[in-house]
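Engineer: Sequence:
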Amino acid sequence: MPTTGRLAIKFHPDKNRDDPNAEERFKEIAIAYQTLSDPTLRKKYNEFGSKESAPEGGFVDPEEVFGAIFGGERFVPIIGHISLAKDMKAALQEAEEGEDEEGKPVLRDAKGREIVSPEEKSKREEKARKVAAEKAAARAERVQELVGNLERKLGIFAESASSPTDPDVTQSYRTICSLDAEELKKESYGVELLQAIGFVYVSRAKQFLASNQTLFGVGGWLHNVQGKYHVFSETVSTLRSAIELKNVFEQIQAAERAGNLSPEEKKKLEEQAAEKGLQALFKGTKLEVESVLRETCDRVLEDPSLSRSKAQLRAVALQILGEAYMAVKKEDEQEITNVESEYVKVETKGSRQRDSQRGAYSPAFQRDS
Numbered sequence: 001m002p003t004t005g006r007l008a009i010k011f012h013p014d015k016n017r018d019d020p021n022a023e024e025r026f027k028e029i030a031i032a033y034q035t036l037s038d039p040t041l042r043k044k045y046n047e048f049g050s051k052e053s054a055p056e057g058g059f060v061d062p063e064e065v066f067g068a069i070f071g072g073e074r075f076v077p078i079i080g081h082i083s084l085a086k087d088m089k090a091a092l093q094e095a096e097e098g099e100d101e102e103g104k105p106v107l108r109d110a111k112g113r114e115i116v117s118p119e120e121k122s123k124r125e126e127k128a129r130k131v132a133a134e135k136a137a138a139r140a141e142r143v144q145e146l147v148g149n150l151e152r153k154l155g156i157f158a159e160s161a162s163s164p165t166d167p168d169v170t171q172s173y174r175t176i177c178s179l180d181a182e183e184l185k186k187e188s189y190g191v192e193l194l195q196a197i198g199f200v201y202v203s204r205a206k207q208f209l210a211s212n213q214t215l216f217g218v219g220g221w222l223h224n225v226q227g228k229y230h231v232f233s234e235t236v237s238t239l240r241s242a243i244e245l246k247n248v249f250e251q252i253q254a255a256e257r258a259g260n261l262s263p264e265e266k267k268k269l270e271e272q273a274a275e276k277g278l279q280a281l282f283k284g285t286k287l288e289v290e291s292v293l294r295e296t297c298d299r300v301l302e303d304p305s306l307s308r309s310k311a312q313l314r315a316v317a318l319q320i321l322g323e324a325y326m327a328v329k330k331e332d333e334q335e336i337t338n339v340e341s342e343y344v345k346v347e348t349k350g351s352r353q354r355d356s357q358r359g360a361y362s363p364a365f366q367r368d369s
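Residue numbering for the sequence shown follows UniProt numbering, starting at 1 and increasing by one per position.
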């Protein structure tokens, strides 16, 4: 697999959105994960490399994967549709187009860099600008929709409370938020997503309240610094996961070719790589979700049409909602998907046909034991 050094930067949508290599990073993880989750594809990869390991009918649609694994439809009103899935889908399509042109000669300079004609360079730059504009428009539309959804949810408290500390309304709203969280946590990766969403809600609410309640907004500045540190640490963590996935994948292939890998050792490495793959995908998703929600919360709280008192009520409601989401816990660690110990088998039409021929068909997205 190619290097994944810049993967985490793209995972954080606030930085380097025009990185031309970004989608390739997501494609690598998606393909690696799906390959490892299918025994037939694993064997083909170990014997012949990545080109021969593609399933019949192509790899699964990344948008289907993200939609099924991370939250499902019930989370769409809260986080929107995950854009990383579309990036991965576009990257996979570009990779297929690139394979069709592999026979064409490529001119390179003394340093091995591709020599591109002015016309081709201009064509690529125009395509990149178009893609960037489409992504920006899609994100703006996504945030706008999420702003409306969040405003309605916070309005239950903000339109009813007589003050930020109204005891009756506060208690009722806490109950509503807790019930909402208990339902959402039942979805795939529900607990993990609620923890991430709740963290953003609470941190943005505290930052807003501190900015408006402390001298010169010093409290808000401190919360902002803490938030930036969180983004940095999560980005580093995502990069580490991607590198670990790459290393394990290469270990499997090298050991298989050397012929000194026992079936037990091979299975252990495959399971380890599959876990790393899903972990990296989730961390990338988490960073995107947090980025979008930070923008959403700021829009909701800094609405110029709001009075200062109404904005404060919204911030209090946002903090209550976030605390309810962060309070959720898994009912049974053995039964609920855990990024550290389980992975999901992703299926295509081709893989279903192979399973049917082997007499071992299992429902899509079923966990492997």
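Calculated from the structure, these hints are not laboratory results. Be aware that one or more of the hints could be misleading.
In silico DSS-like cross-links for lysine-lysine, where the CA-CA straight-line distance does not exceed 27 angstroms [what the hints assert, rightly or not]:
hint : residue 1 : residue 2
1    : K186      : K86
2    : K185      : K153
3    : K86       : K130
4    : K185      : K329
5    : K86       : K185
6    : K153      : K268
7    : K153      : K123
8    : K153      : K310
9    : K310      : K206
10   : K121      : K86
11   : K123      : K135
12   : K127      : K86
13   : K330      : K186
14   : K206      : K329
15   : K330      : K185
16   : K329      : K310
17   : K186      : K153
18   : K135      : K121
19   : K135      : K86
20   : K186      : K329
21   : K153      : K206
22   : K330      : K153
Engineer: Each of the hints needs a verdict: does it hold here or not?
Structural biologist: Now the hints, each set against the structure:
1. Note on K186 and K86: the hinted pairing holds, with a Cα-Cα distance of about 25 angstroms set against a maximum of 27 angstroms.
2. Distance check on the hinted pair: K185 and K153 sit about 18 angstroms apart at the alpha-carbon level, within 27 angstroms; holds.
3. About 15 angstroms separates the Cα atoms of K86 and K130, which keeps this hinted pair within 27 angstroms; it holds.
4. Distance restraint check for K185 and K329: the Cα-Cα separation of roughly 8 angstroms lies within the 27 angstroms cut-off, and the hinted pair is therefore satisfied.
5. The straight-line distance between the Cα atoms of K86 and K185 is roughly 25 angstroms, inside the 27 angstroms bound, and the hint therefore holds.
6. At most 27 angstroms may separate the alpha-carbon atoms for a hinted pair to count; K153 and K268 exceed this at roughly 46 angstroms.
7. Distance restraint check for K153 and K123: the Cα-Cα separation of roughly 45 angstroms exceeds the 27 angstroms cut-off, and the hinted pair is therefore not satisfied.
8. Among the hinted pairs, K153 with K310 is consistent with the structure: their alpha-carbon atoms are about 14 angstroms apart, no more than 27 angstroms.
9. In summary, the hint linking K310 to K206 is supported, as the alpha carbons are separated by about 15 angstroms, within the 27 angstroms threshold.
10. Only pairs whose Cα atoms come within 27 angstroms are accepted, and K121 paired with K86 is accepted, the gap being roughly 24 angstroms.
11. Restraint check: the Cα-Cα separation between K123 and K135 comes to about 19 angstroms, which is no more than 27 angstroms; the hinted pair holds.
12. Distance check on the hinted pair: K127 and K86 sit about 16 angstroms apart at the alpha-carbon level, within 27 angstroms; holds.
13. A threshold of 27 angstroms between alpha carbons decides the hint, and for K330 with K186 the separation of about 9 angstroms falls inside it, so the pair holds.
14. Of the pairs offered as hints, the one joining K206 and K329 holds, with about 23 angstroms between alpha carbons and a cut-off of 27 angstroms not exceeded.
15. As the CA atoms of K330 and K185 are separated by approximately 8 angstroms, the hinted pair is consistent with the 27 angstroms bound.
16. Restraint check for K329 and K310: the C-alpha separation of about 32 angstroms exceeds 27 angstroms, so the hint is violated.
17. A C-alpha spacing of about 20 angstroms is found between K186 and K153, which places the hinted pair at or below 27 angstroms, so the restraint holds.
18. With a C-alpha separation of about 21 angstroms, the suggested pair K135 and K121 falls inside the 27 angstroms cut-off, and the hint holds.
19. Distance hint between K135 and K86 is fulfilled; the C-alpha atoms sit about 10 angstroms from each other, no more than 27 angstroms.
20. Our distance criterion of 27 angstroms between C-alpha atoms is met by K186 and K329, whose separation comes to about 11 angstroms.
21. Between K153 and K206 the CA atoms are separated by roughly 18 angstroms; this keeps the pair inside 27 angstroms, and the hint holds.
22. For the hint linking K330 to K153, the alpha-carbon distance of about 24 angstroms falls within 27 angstroms, and the restraint holds.
This entry does not satisfy hints 6, 7 and 16, going by the numbered hints stated previously.
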